[in-house]
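Visitor: In case you want the letters, here they are:
There are 2 protein chains.
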Amino acid sequence: MEQYFVNQTIERDSFRISDKELYKHLATVLRHKSGDVIYLVDDQNDLYQATIDQVDTENKFVQFNVNKSDKPTTELPIDVTIACSLSKKDKVEWITQKATELGAKRIVFFNSQYSIMHWKANVVEKKMLRLQEIAKNAAQQSKRRMIPEVSYLKDISGLNNSTDELKLIAYEESAKEGETSILAQSLSAQPKSIICAFGPEGGFSAEEVTDLQNNEFVSIGLGPRIMRAETAPMYFLSVLSYNYELNAK
Amino acid sequence: MEQYFVNQTIERDSFRISDKELYKHLATVLRHKSGDVIYLVDDQNDLYQATIDQVDTENKFVQFNVNKSDKPTTELPIDVTIACSLSKKDKVEWITQKATELGAKRIVFFNSQYSIMHWKANVVEKKMLRLQEIAKNAAQQSKRRMIPEVSYLKDISGLNNSTDELKLIAYEESAKEGETSILAQSLSAQPKSIICAFGPEGGFSAEEVTDLQNNEFVSIGLGPRIMRAETAPMYFLSVLSYNYELNAK
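Residue numbers (numbering that gives the first Met the number 0), protein chains in the order written: chain W, 0 to 248; chain E, 0 to 248.
If chains are identical, the list can't say which one is meant, so a pair holds when it fits in one copy or spans any two.
Heads up, simulated DSSO-like pairs for lysine-lysine below, C-alpha to C-alpha not over 27 Å straight-line:
1. K135 <-> K175
2. K104 <-> K153
3. K175 <-> K70
4. K70 <-> K135
5. K175 <-> K104
6. K175 <-> K67
7. K90 <-> K135
8. K135 <-> K87
9. K175 <-> K142
10. K59 <-> K19
Simulated from the structure, these hints should not be mistaken for laboratory data. As the structure is a prediction and not an experimental result, all values here were calculated from the model.
Generate coordinates for the entire structure from the input sequences, incorporating the hints supplied.
Guide: Shown next, in the form of structure tokens:
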């Protein structure tokens, strides 16, 4: 069943959508009618089953009867930020979509020494709006209870301001040296929040890694195969889901 | 460092590449010269460090001095087949590339009731050649020791011929019902080979699931979020890598 985010708090048994875009989508594109049932997630991240009471085509709103749902949450029980070096437009968009499906709470893109792309200051806002829209659509499709926040750091050193409990770097050199245990060990310590930084195709520079390590970031290997820049964050998020949501232990 | 697959057995200290395409890539595109070092993987899945002895532009071959490498394998210690319902061309190609990076040994595409695409008999061979080439390139890039085998089943029932020890279905309905433990339990039994079937966006039909279940396939959930058809196999392969290659236990 469809799910949409509304950026208001649902406080009563009835709720009206008059947001132009969502109204158009519901009434004109999908031609919903009285009696149809959808899900709404409000700005408190609460899920409501919403039955259409009235589609008012004159005043352009949809009126719903709403009931708070008791479905279990679809959010990872841990706060995860993935921080990825800038890459080509389609890869940045792809990372945003997939990381949303896989449960990331925040997605940060940063500029680093070997980044394949660099964004000029005047395009950042537009790109962020586009990525935030992709995150919203993916969050709706994957039935998330929140839309991940997408942001941009013009310099990798901005990662040093992270306040996450566990700070990781997915570092190819660690993988090459056969590092295979730090991720699992770190997760078994049950951190409340994690950030993991992923380098560009050309990797981090040695200075970048040293600087992050001096700021509490720990290098981890993600297995013996070389993954493309966009694949490693998906691997990481899948592992987190398995560890926190599926493991039988 | 570059790595290439050669479909011969390397038996001596020297080895000659006269394959037209690879010769052209090495000598013309990358302009390799005597003394340059690359890696070659032969048809026994063995890795060799190969130093160029001679680039013969007249007779169009490259002659190498080769040494068997003692680098640890990059192959998953378990035989994994992912079987995915047909989808759009770019998704099928994407699944092939990513599943190769993530260590799948075999990638099967099958036709199912709700498949978004259907392939006519006369296009299958061409599509398979293209996908096999994508797998080869991704295997080289990710430093695999083998090229995954890509194949096609014109009917999902062909999966019933699988002889893998553990047979799984990633089934959305299982996830919805909150199934969260069978994957981890199944892996802890240390099967030698696994196949996992993934449905199309529209899901498997109930009859398809029943038929697979009657043939020893077990339904598993892959967490509470709805993943797109191409995301679920990546999640699965990432989890296998974590379980077999990274876990500290």
